[in-house]
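Student: Chains A and B supply the protein sequences, listed in that same order. Residues in the first sequence are numbered consecutively from 1, following our numbering. Residues in the second sequence are numbered consecutively from 1, following our numbering.
Read the hints as simulated data drawn from the structure, not as lab findings. Treat each hint with caution, since some may be false.
Distance condition first, Cα-Cα at most 25 angstroms in a straight line; then the derived BS3-like pairs of lysine-lysine [as the list claims (entries may be wrong)]:
no., chain 1, residue 1, chain 2, residue 2
1, A, K341, B, K130
2, B, K440, B, K462
3, B, K130, B, K102
4, B, K477, B, K464
5, A, K334, B, K130
6, A, K353, B, K79
7, B, K340, B, K464
8, A, K341, B, K79
9, B, K464, B, K412
10, B, K79, B, K115
11, A, K377, B, K79
12, B, K79, A, K374
13, B, K171, B, K115
Here are the computed distance ranges between Cβ atoms for each label pair [stated by the list, open to error]:
no., chain 1, residue 1, chain 2, residue 2, range
14, B, D362, A, A62, 54 to 64 angstroms
15, A, P99, B, G181, 30 to 40 angstroms
16, A, S331, B, G24, 35 to 45 angstroms
17, B, G24, A, A388, 40 to 50 angstroms
18, A, M357, B, G241, 31 to 41 angstroms
19, A, S383, B, G138, 51 to 61 angstroms
20, B, D111, A, E239, 50 to 60 angstroms
21, A, A388, B, L278, 46 to 56 angstroms
22, B, A292, A, S383, 32 to 42 angstroms
23, A, S232, B, P202, 36 to 46 angstroms
24, B, A28, A, E239, 25 to 35 angstroms
We treat Cβ as the ideally placed atom computed from N, Cα and C, and that holds for glycine.
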Amino acid sequence: MHNNTILELAHGLRGGEFTSVELTRAYLDRIASHNPALNCLISVCEEGALQEAELADRRIRAGDDGPLLGIPIVHKDIFCTDGVKTSCGSRMLDNFTAPYDAHVVSQLKQAGAVMLGKANMDEFAMGSSNENSFYGPVHNPWKAGSVPGGSSGGSAAAVAARLCAAATGTDTGGSIRQPAAFCGITGLKPTYGRVSRYGMIAFASSLDQGGPMARSAEDAAALLQAMAGFDSRDSTSAEQPVPDYLSALNDDLKGLRIGVPKEYLGEGLDAAIAESIQLALDEYVRLGAELVEISLPNTHLGIPTYYVVAPAECSSNLSRFDGVRYGYRCSDPKDLEDLYKRSRGEGFGAEVKRRIMIGTYALSAGYYDAYYLKAQKIRHLISDDFRAAFEQVDVIMGPTAPSTAFAIGEKADDPVNMYLSDIYTIAVNLAGLPGMSIPVRPVNDMPVGLQLIGNYFQEARLLNVAHQLQQVTNWHGAAPAGFE
Amino acid sequence: MQWETVIGLEIHAQLATRSKIFSGASTAFGAAPNSQACNIDLGMPGVLPVLNQEAVRMAVTFGVAINAEIAPRSVFARKNYFYPDLPKGYQISQFELPIVGKGVVEIELDDGTLKPVGVTRAHLEEDAGKSLHEDFHGMTGVDLNRAGTPLLEIVSEPDMRSAREAVAYAKKIHQIVQYLGICDGNMQEGSFRCDANVSVRPQGGPLGTRAELKNLNSFRFLERAINIEVERQIDLIEAGGTVVQETRLYDADRDETRSMRSKEEANDYRYFPDPDLLPVELDGGLIESVRAAMPELPDARRHRFERDYALSPYDASVLTASKGLADYFEQATKVAGDAKLAANWVMGELSGALNKAGMSLDASPVSAQALGGMLLRIVDNTISGKIAKQVFEAMWAGEGSADQIIDARGLKQITDSGAIEAVVDEVLEANPEQVSNYRKADEKKRPKMLGFFVGQVMKQSKGKANPQQVNELLLKKL
Chain A
1 MHNNTILELA HGLRGGEFTS VELTRAYLDR IASHNPALNC LISVCEEGAL
51 QEAELADRRI RAGDDGPLLG IPIVHKDIFC TDGVKTSCGS RMLDNFTAPY
101 DAHVVSQLKQ AGAVMLGKAN MDEFAMGSSN ENSFYGPVHN PWKAGSVPGG
151 SSGGSAAAVA ARLCAAATGT DTGGSIRQPA AFCGITGLKP TYGRVSRYGM
201 IAFASSLDQG GPMARSAEDA AALLQAMAGF DSRDSTSAEQ PVPDYLSALN
251 DDLKGLRIGV PKEYLGEGLD AAIAESIQLA LDEYVRLGAE LVEISLPNTH
301 LGIPTYYVVA PAECSSNLSR FDGVRYGYRC SDPKDLEDLY KRSRGEGFGA
351 EVKRRIMIGT YALSAGYYDA YYLKAQKIRH LISDDFRAAF EQVDVIMGPT
401 APSTAFAIGE KADDPVNMYL SDIYTIAVNL AGLPGMSIPV RPVNDMPVGL
451 QLIGNYFQEA RLLNVAHQLQ QVTNWHGAAP AGFE
Chain B
1 MQWETVIGLE IHAQLATRSK IFSGASTAFG AAPNSQACNI DLGMPGVLPV
51 LNQEAVRMAV TFGVAINAEI APRSVFARKN YFYPDLPKGY QISQFELPIV
101 GKGVVEIELD DGTLKPVGVT RAHLEEDAGK SLHEDFHGMT GVDLNRAGTP
151 LLEIVSEPDM RSAREAVAYA KKIHQIVQYL GICDGNMQEG SFRCDANVSV
201 RPQGGPLGTR AELKNLNSFR FLERAINIEV ERQIDLIEAG GTVVQETRLY
251 DADRDETRSM RSKEEANDYR YFPDPDLLPV ELDGGLIESV RAAMPELPDA
301 RRHRFERDYA LSPYDASVLT ASKGLADYFE QATKVAGDAK LAANWVMGEL
351 SGALNKAGMS LDASPVSAQA LGGMLLRIVD NTISGKIAKQ VFEAMWAGEG
401 SADQIIDARG LKQITDSGAI EAVVDEVLEA NPEQVSNYRK ADEKKRPKML
451 GFFVGQVMKQ SKGKANPQQV NELLLKKL
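Only chain B is shown next, with the shape it has when bound in the complex (with noise of 0.2 angstroms):
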């Protein structure tokens, strides 16, 4: 039997307010327990909820982006259930009437072609808080600071078809919401989490039952966990067995999923329009303002690297994945003015130091400036590529600028044609054999035979003498 994968995704996209969703306090993460819940997010007796416009803002520009219907009117409601972290016995969310409508993004399959998947809504809600099970003997701890933290929730239709679509579409998604500004997308601090439907069926038939994996908190636990249902799935079908819909769990380090709660046992959420809030309702205009001020989105952006800089489809991708990069690789350009040169050394040694370091782009010792200053250097030929690479080690050390660098250890090339040239004098002086050797050698043999003098004239110099000259004279010279 051929089967065939669908998959959609949930993603919920912690906004970047700085204050709540429904209250002044702080979204600060990592601050002492409970340190960021007011009165509000406490749930205590007698407070109400007020609307955070920034956070629709945030809202209404996510969906402009991905050129989606933004409802006029839209309506909170509220999802009944109980559970310590919850502290009102209800999340405020949106239900019938969300902010974000019918919206489409479009993904790149891994044999380069474009596939569009669609965004059936976006809708705003708060966060609940945090339970804290270890630490406790036989109780649990509640932390309330994320209590009401704004997140914006995206569905997905489910138009994916392999976990490795799932995972270019949370990307993508991902991408997008970095690059409006208006969430940070760390995964591993939850501001930005993805849940997986998934279910089989056999090739074009009708949709299977599907099960929602939950806890996923990285791109590469994504595309695990959904490969390992489907895999369960299918043998649990093939095996004669049924699907069943509920909720499992991830578990990376035993990598399996495990069964969290079925339907029955699901909650009747009992929703309704909040009566503490009023419907929001847009006007035009805020609209037009989220368009004027709409940012440059990354497809976008990707297309102008290839056009303006002449980067590689590949090059330009790289570095347009996050904004970040994509920021410092231009900034680092702008200062050196060679973007082949800033996009070798952005991909290359930067993001290798990085990598070797486990640091994200933002903590880098390297500044953006910084980069572009050394690399200035190579182009204007105060240093070769090779002595810049001692010269980057030590700004990622934090012993200076280029500049402050080369001269504190003499790392100036030399370009004095006459200097260089006793360098190559006493090479081939003391060289004979090797000289003679390479006279009498035929010219196909010759350049690797150059390259022995070549090294040898480089050592001679410590690597400082100009490497196009030293060729130069002693192509000259034998």
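So here's chain A without its partners, still in its complex pose (with noise of 0.2 angstroms):
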């Protein structure tokens, strides 16, 4: 079962041919014998998830409906869920039990999937390697001993280790896409906007975005259609209708406008990584697309303006785990200043207090305006490269990461390093725009992303020529070894 694709197992539970406690069941086990190795569960929810899988059952007994229904899944621990530990990836939340559900969760659970647990994450959803979680490591199921990616790199492993049917991510810089890409899935990160923030522990709020993580666009759709949608309760959260994403999944490419930017293969590529985005390429021409050669000339600035806008926001967004109210409190405060001092000190990470003090430099008086109003400035012109370039061309593709997943440790001391592995994922953030990692061919067995951005609100059209791809190719189909 744990093969099949979400529409297939829903097709299977509504056919009667296994429950959905029985797939719960057969997840948990799976679970139980792998996660020890892959560490990329932060919580399971045995009890609870097998509660939900009964309902799902009586559900569909009494005819309800549904792709999701009494379908397997793992929240991303970003994720506030109701009565359960919700501890983004941090030791400042290690004891914090979420009192509501963000609005993605209660969307999920209302069309029905079962919750099997939380999935590890980089502390606060800062990192590119999930070695920055209070819980410790991930490992990439395709090579033990490498990473996943990060920050949702615990969602990205759980999905390719088939562990759960799919997962959900938030992706800042890239933190759905470049996971995506090192375990060999199907991660989208919306347009900004499209999925309420609500409940979604905030890093860099005008960044943030949730999104799917699943074994093939389908599924990819098939999730977004129940995350997407306006919540009255996020102010940035877009009034706009949400389009049927699996209806458009067939639609076919002939004359589809490609643009491949020079930017994005030039120095700094892995030549195989090169060779694998061209392989897709040119699948997409035999599909009936066309190659167009675009620029966007500030690609460059894309990951100085980044460090400067996250960390800024985050710096605010993060003041609030104080140990006043809730989560970490050193023991013993001598005074409120000890009490901040020491409750931030040790429950925060190091990655998270350098984004901390990098974000409390750039809007401290003085410079202010040499950083944080600069960057903005900036952030302009790279939304401005896009808009150019989406009126000659349809889709944007390239390479989601310059390299495959690295081995733990191997940029650990070296932080300037580590954020160049979201150079090609950051500057669709900073513009708001859609974008996607799908599998294309392995460099040395391990998996490699193509990148897929799309205009503001084009979610259905990435997920149909991703599907196109996944239907004439079987990249996305490949398990790691020991995972099948």
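Assemble the dimeric complex from its two separately framed chains, guided by the hints.
Tutor: Encoded structure:
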């Protein structure tokens, strides 16, 4: 069962071939045998999952329908889950049980999805390797000792290892797409505002966006259908109608204009990865698409801009973790200042503290104009690059990451080198566009991701384009050895 | 050296919305600690603010009322600092682009002249919670019921030159926000709070260094604190010292200001636009609808009272000092049909009774309707003004309406001239000596002597005889 897609599983559930309880039990068994080695889940909700599965079975018997009804998934531990520990990968929230469900969680619950557990992640979503978790690193199912990418590394590893049918993730600078690429799965970061951020613990509010991580574009479409939509509790949520993502999957690609940015295929990219990308592009040409070389001239400004905006917002967003109302509190504080300093000093990990300090500096009196304000201006330039490009093309393609998954510890002491992992994904967040990563030909048996970037609210188009490739190739169908 | 005082005020008016500025929790005062703080007010992980449009409408109402510029686009910003009663570690406020820009109000000086005071800006922000230091041995309690209550911070230009002017300005703003119905103005409960920036300079010289005074929770304290601070600064400079920029706390018990924190210790608030909230874009529609629904403002009402009710400028200004009092007066007048009489009673007996009981007008046991009903009985000669005081006391004590009390106590005035004549005859008969003295006395002395007979008649009739008729009959018979 665990090798089936969501739509296949849904078919089996409706046809009475198996129940959601049986399916849930099967995944829980796989989690029990594989999670100790992979460390991709922080919490496993056995009891809750079986209850939800039973409820789903009753709904199925009552004639209720829907592709996610009874389907077991995991949530990144950044989404608040009522009554369930929500740690955000941090010691700060190790003792925190959320008092409410995030919008994404309640939407998927309503759709009948079963929550198996909460996925490991870089602390507060800050990282590209999942090494910055209080709960320890996650291992890439394709190669023990390699990172799964980050920050949604636990979600990506769990999907790749077939410990769940699909997962949720969040993406602030590439945190869905880069781990999807490293783990050989399909991940979609929607347009900013497409999925409500309510209940998603904020890292950088103007960049954060939740999205699906799945084994195929079709599964991602089913998940996004439930996650997307206007939510009055998030002022930045878009009041845009949600199209039927599944029905748009089969549109043909004749005449599709694919923009290939020259900046994405130049220096810094592994040659074998460039070859894999080219192979995929050739497939698209065979499907009737046309390749257009484009330029995104401000690409090189993406990382410096991001590392001002995101830390600035995070320095403020993480102020609420002060040891006063919930979360970690140091023992025996001698006064208020001591309470703040030690609770935050002991509760946060090194990367989180580094970013809080960078952000605090960038917002300080006398530096604000030179850093934060300037970064906001460059953000406009980067958006303008994309705006101009989308006047010529329908979709932009290139690599998701410059390399395949690297070894745990390889870049841990070199933050700037680590930040370069997100060089192709970050600009998409700065512009607020939708982006996707799908598996293409592996390099040295390690997965490679093709990034698809669409215009605003063109998720249906991206899913369609990804699905069409997955109809004529089977890179997405491969399972890591030992997890088939 | 002739010193000149320069004062600017920052006023925080709590907006009278039912729910908080960024959450649906109630803003009602006095609930059990933390019972009115939802996940958003508590700053739980993952929660987001959603702007209460009613707070926007109220801010615009204030702006229109003081003829201020209303910003077509204003932006919420985060003011970052750590404090236990600030749950998110930042306050959502407005910084570079406030919703209300420059405006002006007129204050009346002691000599009756009018002086314009500039309003620099007014912006929306959320209130913090309260830290409670008593009752928690060596610890601090935090009550977040107030966290997220909408505030309008109204910042004046440094246009005031004395504590009296500052109080006049504060009272003016207080009056305006109450008239607009956007703030209950309750200073004890903290719905209306003033901070004063005070500096001194040689007459006409460049601005001196200012101190910000906090904890001024009544107009009296505002005036006292400024005067004390001005004295302190002048003494300091004259003794060769210099004023430092700092925040000072007014201690009403010791009647002094104390340094709270200096500029060096001040926070760098690291303001930046709140990415969780969209800019507030106002179309002309809201401003026009606010303008159309604008209630009568205090100055207009005062002029109307002088004109329509023939009240003196003083009476009109007392009666329009608060919207509640003006409404009360107009309602009582409507029932009684005599504005002068109503004015005297509202400013006299009613205000006196309220003061004595330490009550606010809205807690008055005698409603405007009830007082008007009683005044009507004076107007139609059912009771005299003197008896009315008895009736008012009984109404205050909750004995019923004026008519019920007049009935129950038999206080109806005697206007039957036969009955009054009988009493008059009795009195004259019983006091032959006074009668003969009166008759012998000279014209000038007679009115005073007549008072004795009137008093006797009123006493005999238990105050119920119509005084005018008594006078007429006595004059005739004497």
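Student: Please flag the earlier hints that this structure goes against, numbers listed from lowest up.
Tutor: 2, 3, 10, 21, 23
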